[in-house]
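Enquirer: Which chain is which? The protein sequence lines are C and S, in order.
Every letter in the first sequence is one number past the one before it in the numbering used here, and letter 40, counting from 1, is 40.
Every letter in the second sequence is one number past the one before it in the numbering used here, and letter 140, counting from 1, is 140.
It should be emphasised that the hints constitute simulated quantities derived from the structure, not laboratory data.
Bear in mind that the values here come from a model prediction, so they are computed numbers and not experimental data.
Ideal placement from N, C-alpha and C gives every residue a C-beta, glycine not left out.
Incorrect hints may appear among the rest.
Claimed, not checked - Using 27 angstroms as the maximum straight-line C-alpha spacing, the simulated DSSO-like pairs for lysine-lysine come out as follows:
# : chain 1 : residue 1 : chain 2 : residue 2
1 : C       : K3        : S       : K23
2 : S       : K223      : S       : K325
3 : S       : K307      : S       : K151
4 : S       : K61       : C       : K72
5 : S       : K61       : S       : K223
6 : C       : K4        : S       : K23
7 : S       : K151      : S       : K300
8 : S       : K223      : S       : K253
9 : C       : K4        : C       : K72
To be verified - To be clear about the criterion: a stretch of chain C counts as covered by chain S if any three or more of its residues have a C-beta under 8 angstroms from a C-beta of chain S, and this derived list gives those stretches:
#  : segment
10 : 11 to 22
11 : 45 to 58
12 : 66 to 72
13 : 120 to 130
Below, each chain spelled out in residue letters.
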Amino acid sequence: MAKKLVSFTLNGRAHDGAAADNTLLLDYLREGLGLTGTKTACDGGECGACTVLVNGEPRLSCLTLVGQVAGKDVETIESQAKGGKLSPVQEGFHLKLGAQCGGCTPGYIMAAEGLLRGNQSPTVGEIRSAMGANICRCTGYVKIIDAVQHAAAVMRGEEPADYPDVPAAQG
Amino acid sequence: MDALPEFQVLHPTTVDEVVAARKEHPHSRMIGGGTDLLVNIRRGIEAPPVLIDTGDLQELKTVEATADSITVGASVRLTELAQHADVQAHYPVIAEAAESIAGPTHRNMGTVGGNICLDTRCIFYNQSEWWRTTNDDCLKTTGSMCHVAPKSDGVCFATFSGDLAPGFLLFDGEIDLIGPDGRRTVALQDFYTGYARQDGSTGDGKNYMAIQPGEMVLRVRGKNTPGLLTAYDKVRIRRSIEYPVAGCAVALKRDGDTLSDLRVAFTGTNPRPVRLDGTEALTGGPLTEETFTALDDLCKDQLMSMKTTFTPGHYRRRVATQMAKRLVQRLFDEGA
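Just chain C, same shape as in the assembly (with noise of 0.2 angstroms):
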């Protein structure tokens, strides 16, 4: 099927490339540009393992075709670290233990991002509600919904409360 030009911003850059009208936002980040951060689970709209951030909002990327994101701004899970530092939101799924087997981690970073950043000062019911598109088969939610208050605090310019749920290491 003939491609056809597309524009949009990646990850802070201007992006040009050529897609049939029947790509998916999801395959062409992980095949055409090798972006494989952004995961294929359930595909089919269920998971939120695929979410990107388009022009600030968290969408699904396996029900988004790549020509309707023209002229948009896409973020995907590699414009998180920087310059070899983690986000404040990895971080806080780093140190919480909000990952486990991460096949999730991707989707759940880009939701949290999302949320953040237009209220860092989240509830935990705002939390689950904004993650509440997203699966996690292994850490329970619980861990996760820490990490995603501890990058709140963090972006807040706050010290990061000490994690209760986990105790300390024993001799």
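On the provided structure of chain C, position chain S as indicated by the hints.
Expert: Positioned in the frame of chain C, the structure of chain S alone reads:
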């Protein structure tokens, strides 16, 4: 999920361009967020040769909500509708319904037009191609029998699950359409044609909308009544994401201790959204046990949920009825 079949995508910027494109490509489909359509395409349920993206239609992205009326463009995204201050203030049932649709990422993508026209759903329909083929295809696709109701004699029982329709039905909603023959306005009650025991309509789960080939939805409108209290509630298997087991919208008015207006509408129960017929008979007096018994009877008569999802039909009808009773009680108390 299968790979997407080949199709062409058009990105018109005006409604006139859409009308022309629909004329040129009679088998095209409109795509808003694509959260339902692309899944269906990947499951081989449909294979439109042309998709028309509504994302650039600025003229359909406005919300006007005053104390008197509400008008919502088809390309308004669900997040915008849910967070619109005027909608929250004057039409809480619609804001709450929009907020309850799927998950946050879906609401950032999905549009009002898409939810109003949401394809009906069934456990025998929303499956992969090999699943459907090995299970003899159903009426809604290419099969000859409804597996939910084998004796249905050609009637498809797939369930309508859109959350916005019940709210607009409470406000005597109307829908503006445009097609090759120009514009027309249809009452929302007549727009949905799916079989619903009380109204003798001719459609079913397969032919559930009175939309003609080449037509598209422009706007949905509703008229308010002063003093109406409204709310929406919905039960889902997974509360953060998922289509409804049943959804219920209630509007009522309380004057002193008298229930002077009562409107109830449901989704997720029939092949169409149902505005309960006969609720006027329950008004004019106080809210008593008899009111609830009568409401129960109306629901039993008019809700005909079948086993189109994992939960049995009788359970869904009870869930819907119970939600309606709770909402009526809550709003009546709030109106004191």
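Enquirer: Hint by hint, which ones does the structure fall short of?
Expert: Violated: none.
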